[in-house]
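Visitor: Here are the chains, one letter per residue:
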Amino acid sequence: MSVPTDLGAAVGVAFWGLAVVAVAAGVAVFRVDSMARATYALAVSFVAVGAALLLVGLDYVGLVVVLMMVMEMAVMGVYMVMLMGMNPALMPMSMVHSGRRAAVLAAGTFVVLAAGALLVPWPERRGAPAPDTVAALGTALMESTMLVMLVVSPVMVATIVAGVALAVPRGRYDRLGDDLRRRPADDPQPGGVGR
Amino acid sequence: MTLEAVLVVAAALVAVGLYGALSQQVVVMVMMGLELMLNGVILAAGAVWWFLAPDPTGQVLLLVVVAAMTVEMAMGFAVATLLHRSRGTDMTDMAADLRR
Chain B
1 MSVPTDLGAA VGVAFWGLAV VAVAAGVAVF RVDSMARATY ALAVSFVAVG
51 AALLLVGLDY VGLVVVLMMV MEMAVMGVYM VMLMGMNPAL MPMSMVHSGR
101 RAAVLAAGTF VVLAAGALLV PWPERRGAPA PDTVAALGTA LMESTMLVML
151 VVSPVMVATI VAGVALAVPR GRYDRLGDDL RRRPADDPQP GGVGR
Chain C
196 MTLEAVLVVA AALVAVGLYG ALSQQVVVMV MMGLELMLNG VILAAGAVWW
246 FLAPDPTGQV LLLVVVAAMT VEMAMGFAVA TLLHRSRGTD MTDMAADLRR
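Going down the list, the protein sequences come from chains B and C.
Per my numbering, the very first residue in the first sequence carries number 1; after that it's consecutive.
Per my numbering, the very first residue in the second sequence carries number 196; after that it's consecutive.
Only chain B is shown next, with the shape it has when bound in the complex (with noise of 0.2 angstroms):
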């Protein structure tokens, strides 16, 4: 049975308003005289692409596309603030170097993949969507792909670890010794009871 890929030209409309979104979103990431603005302008280009994704009946993954991004910038803002030492949203900057070798190679990536998108013969689609995508999600995540929940989860709280493991100013290493048995721990502040 032949399932039909077209979406209708009010849903053409909306992916290239979006498309148009993302992409020009993404170059003023690298524009803009100001981090808070590049900050912005990545975001935006990440809730056009969850939009899209919304589009194809993606609603699960678009939706967490959006919230985890819209999140995840406001944490990027932050770094930006704290790193960067200055106002974000008042300081003009051109911080890159080898520019023109990276806006060639890039532009030769652009080509390189439009020409494979282009050229290549894609195979006629197999299958239909589920009716419903999150439900049939959800039952592919608790059954025949529940391996790779049981995989991304570890590695999930493993990132945890090295993150706070790279990030910590003191380890247990510093404060009790390379054998770990220093008493009382060097720290700088003593703390607790009687100490």
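The set of hints was computed from the structure by calculation and includes no laboratory data.
All figures in this text were calculated on a predicted structure; none of them were measured in a lab.
The beta-carbon is built from N, C-alpha and C at its ideal position, and this holds for glycine as well.
Hints are supplied without guarantee of correctness; some may be wrong.
One-sided and incomplete, this derived list gives chain C residues near chain B with beta-carbon spacing under 10 angstroms [what the hints assert, rightly or not]:
| # | residue |
| --- | --- |
| 1 | Val203 |
| 2 | Leu208 |
| 3 | Leu213 |
| 4 | Leu247 |
| 5 | Ala248 |
| 6 | Gly253 |
| 7 | Val266 |
| 8 | Leu277 |
| 9 | Ala290 |
Pairwise CB distance ranges (calculated) [to be verified]:
| # | chain 1 | residue 1 | chain 2 | residue 2 | range |
| --- | --- | --- | --- | --- | --- |
| 10 | C | Arg282 | B | Gly12 | 44 to 52 angstroms |
| 11 | B | Pro123 | C | Met289 | 16 to 24 angstroms |
| 12 | B | Ala158 | C | Thr252 | 21 to 29 angstroms |
| 13 | C | Leu256 | B | Pro190 | 50 to 58 angstroms |
| 14 | B | Ser98 | C | Ser281 | 18 to 26 angstroms |
| 15 | C | Arg282 | B | Val13 | 14 to 22 angstroms |
| 16 | C | Val260 | B | Leu118 | 30 to 38 angstroms |
Position chain C relative to chain B; hints supplied.
Guide: This is chain C only, laid out in the frame that chain B set:
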């Protein structure tokens, strides 16, 4: 709206992100370039899912990409914090001596 059209838009996002990842000096801006590249990957994967094989497994793959994005951001922020503490900078150029 065809698969080819969506893939061309995704290619544009990947290319812009690649430019940022290669050219930016600030670590957080490099991360933004990588994020933009992953943005294009998500869009392309979503289109391939819809136009070629719209079964739930493709959605699971997309969730894995989103999870990879989260890991990249978390580790990137941790490295940026470590770099700032050890070198007092947030620029990639001044982190070259980490190679020693």
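Visitor: Now tell me, hint by hint, if it's right for this structure.
Guide: Hints, one by one, checked against the model:
1. Interface restraint check for Val203 (chain C): the shortest CB-CB distance to chain B comes to about 5 angstroms, inside 10 angstroms, so the restraint holds.
2. Hint on Leu208 (chain C) holds. Least Cβ distance to chain B is approximately 6 angstroms, under the 10 angstroms limit.
3. Hint on Leu213 (chain C) holds. Least Cβ distance to chain B is approximately 5 angstroms, under the 10 angstroms limit.
4. Hint status for Leu247 (chain C) relative to chain B: holds, with the closest Cβ pair at about 6 angstroms, below 10 angstroms.
5. Here the hint on Ala248 (chain C) is kept, as its CB sits about 5 angstroms from the closest CB of chain B, short of 10 angstroms.
6. Because the closest C-beta pair between Gly253 (chain C) and chain B is about 9 angstroms apart, less than 10 angstroms, the hint holds.
7. Hint status for Val266 (chain C): holds, given a least beta-carbon distance of 5 angstroms to chain B, under 10 angstroms.
8. Checking Leu277 (chain C) against chain B: minimum C-beta separation of about 5 angstroms stays under 10 angstroms; hint holds.
9. Taking 10 angstroms as the C-beta cut-off, the interface hint given for Ala290 (chain C) is violated, the closest approach to chain B being about 13 angstroms.
10. Evaluation of the 44 to 52 angstroms hint for Arg282 (chain C) and Gly12 (chain B) yields a pass: the beta carbon distance comes to about 50 angstroms.
11. Pro123 (chain B) and Met289 (chain C) have their C-beta atoms about 49 angstroms apart, which leaves the hinted 16 to 24 angstroms range violated.
12. Distance hint check: the CB atoms of Ala158 (chain B) and Thr252 (chain C) are about 25 angstroms apart, consistent with the given range 21 to 29 angstroms.
13. For the pair Leu256 (chain C) and Pro190 (chain B), the supplied restraint of 50 to 58 angstroms holds, since their beta-carbon distance comes to about 51 angstroms.
14. As the Cβ distance of Ser98 (chain B) to Ser281 (chain C) is approximately 25 angstroms, the hint placing it in 18 to 26 angstroms holds.
15. Between Arg282 (chain C) and Val13 (chain B) the CB atoms are about 49 angstroms apart, so this pair departs from the stated range of 14 to 22 angstroms.
16. Distance hint check for Val260 (chain C) and Leu118 (chain B): the Cβ-Cβ separation is about 23 angstroms, which falls outside the suggested range of 30 to 38 angstroms.
When the structure is compared with the earlier hints, violations turn up for hints 9, 11, 15 and 16 and for no others.
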